[in-house]
Amino acid sequence: MKKIVKKHPLAIRWFHWFNFPVLAVMIWSGLLIYWANDVYKIGFGSTTLLKFFPDSFYKALNVPFRLSEGMAYHFVFMWLFFLNGIAYVLYTIFSGEWRLLMPNRKSFKEAWQVLLHDLRIRKGKPVQGKYNGAQRIAYTAIIIMGIGSILTGLAIYKPVQLYWLCNLMGGYKMARILHFALTIGYVLFFLIHIFQVIMAGWNNFRAIITGFEVKKTKNISPVADEKNDISDTEIIN
Amino acid sequence: MASFLNNLFTKNSKLNTEQLIQKKTILSFSFFFLFAAFAFLGWQWLRMQPADSGKTSTPLRKVLNTNEELFASILSDNNLAKTYPVSEAANPARVNGNLGMKTSFDTAKWVMNVIKAKGDTLKLKLDDIKKLPKTEIVFNFKCIEGWSQITYWGGVKFFDFMKAYNLSEEAAMKYLGLRTPDNEYYVGIDMPSALHPQTLLCYELNGKALPMDQGYPLRLIIPVKYGVKSLKRIGDMYFSNQRTPDYWADVKGYDYFSGL
Chain A
1 MKKIVKKHPL AIRWFHWFNF PVLAVMIWSG LLIYWANDVY KIGFGSTTLL
51 KFFPDSFYKA LNVPFRLSEG MAYHFVFMWL FFLNGIAYVL YTIFSGEWRL
101 LMPNRKSFKE AWQVLLHDLR IRKGKPVQGK YNGAQRIAYT AIIIMGIGSI
151 LTGLAIYKPV QLYWLCNLMG GYKMARILHF ALTIGYVLFF LIHIFQVIMA
201 GWNNFRAIIT GFEVKKTKNI SPVADEKNDI SDTEIIN
Chain B
238 MASFLNNLFT KNSKLNTEQL IQKKTILSFS FFFLFAAFAF LGWQWLRMQP
288 ADSGKTSTPL RKVLNTNEEL FASILSDNNL AKTYPVSEAA NPARVNGNLG
338 MKTSFDTAKW VMNVIKAKGD TLKLKLDDIK KLPKTEIVFN FKCIEGWSQI
388 TYWGGVKFFD FMKAYNLSEE AAMKYLGLRT PDNEYYVGID MPSALHPQTL
438 LCYELNGKAL PMDQGYPLRL IIPVKYGVKS LKRIGDMYFS NQRTPDYWAD
488 VKGYDYFSGL
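Chains as they are written, first to last, in this note's numbering: chain A, 1 to 237; chain B, 238 to 497.
It should be emphasised that the hints constitute simulated quantities derived from the structure, not laboratory data.
What follows is a set of in silico ranges between Cβ atoms, one per label pair, in the way DEER data are often shown:
hint: 1; chain 1: B; residue 1: P322; chain 2: A; residue 2: T47; range: 30 to 38 Å
hint: 2; chain 1: A; residue 1: P64; chain 2: B; residue 2: P448; range: 26 to 34 Å
hint: 3; chain 1: A; residue 1: A87; chain 2: B; residue 2: L271; range: 16 to 24 Å
hint: 4; chain 1: B; residue 1: P287; chain 2: A; residue 2: F65; range: 15 to 23 Å
hint: 5; chain 1: B; residue 1: I263; chain 2: A; residue 2: L116; range: 36 to 44 Å
hint: 6; chain 1: B; residue 1: R284; chain 2: A; residue 2: K123; range: 44 to 52 Å
hint: 7; chain 1: B; residue 1: T247; chain 2: A; residue 2: G124; range: 40 to 48 Å
hint: 8; chain 1: B; residue 1: K355; chain 2: A; residue 2: I142; range: 56 to 64 Å
Positions of the beta carbon are idealized from the N, C-alpha and C atoms, including for glycine.
Please model the entire structure based on the sequences and the hints provided.
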């Protein structure tokens, strides 16, 4: 028997899909800005392992000499990113959804199991509520990162008027580094997120668009046991 | 297909689970792609908006100006750029840009023309500036490109200058304008930022007269703005209640306010 089970509320689907293109514009415009002083790299001593970014990368994305354009878009779309983020956080608080999203005592152990499972080391499915431990950690971390981006962003946007914030963020140069590092963090999050969504399959992906999931009930009886609804669900990421 | 279309107009309660899943899925995805299409069209619309002379399109410029109003409201003489001990200052300081200083220039003949509200011009020599009380500042100079450098400057507070030369009528106007002697480079600055206690008419760098490439004999240092506003080699100073022209905002599409 198949059964339709509600998963993502409409509000969360809106916040999710609204954020996606807005964050993309923020990262793109941020790249146009970063290019004008692209000093960051990973390495030790005089050895550079990774330069942010190679010229070929800039060339492929048509980045060079667009600083003013990048700043204009960044300081327009920051409002959308900020307001959508605030709305999402407020929604999770007032709807009680935060209880499903915040890590709890078991989350770190569960997250470890999820990792082992994903690496094909551990057989058997880890505990899966609406969100598993790894998801709880990731989806809470991304909100903290968002707050971090807004605070470090404000610190480098108005370092004199908001001098206290700039100091709090480690000073002007440090705030710019953090702002950049967080952006790299989003890109890594995005890659893992896409990988997990592909691994989790259609039923899971459909839910972030339609809001519902299709669940196979174990008992023949069409009257589903509500308590089992969530704990039985397929692994979803 | 036909049965699906039929299902779309059938009440949910009359469909079996399989049909309901199909119906809900297709409806949701249709709305999803519809909104995605609207978002894409909105983006295309934004990209196609006519740009002002500075290449920034009208809707973006409107938001930037709104940002300015909002963030200008937190501008305060009590909010100061962080200062540092002289020992931390870079020596030599980075030179970035020579706009307005490419033409030959007779330093001996230099005067600053202060064009007053009523149109008469005050011609001031460097000694007329230097005789006013000197102020020094070591702060983190911030370039709009994203780099910053701790630098050590000396000069006269713009506020003190305005007071000393009885420019109270001019100080009450909304904007200050500065341009180089060759008129090639010019900046516009809102008066509250100009009158900020850290804004200097600057004639010294690292305790010595300004080098030529740093704007000898007199330049602006305005720590509440990006470096683009700290015009080198001041030729004319003027005042207006309308926005004074600004090279980077008018020609290159940057934010006019560019406040920090």
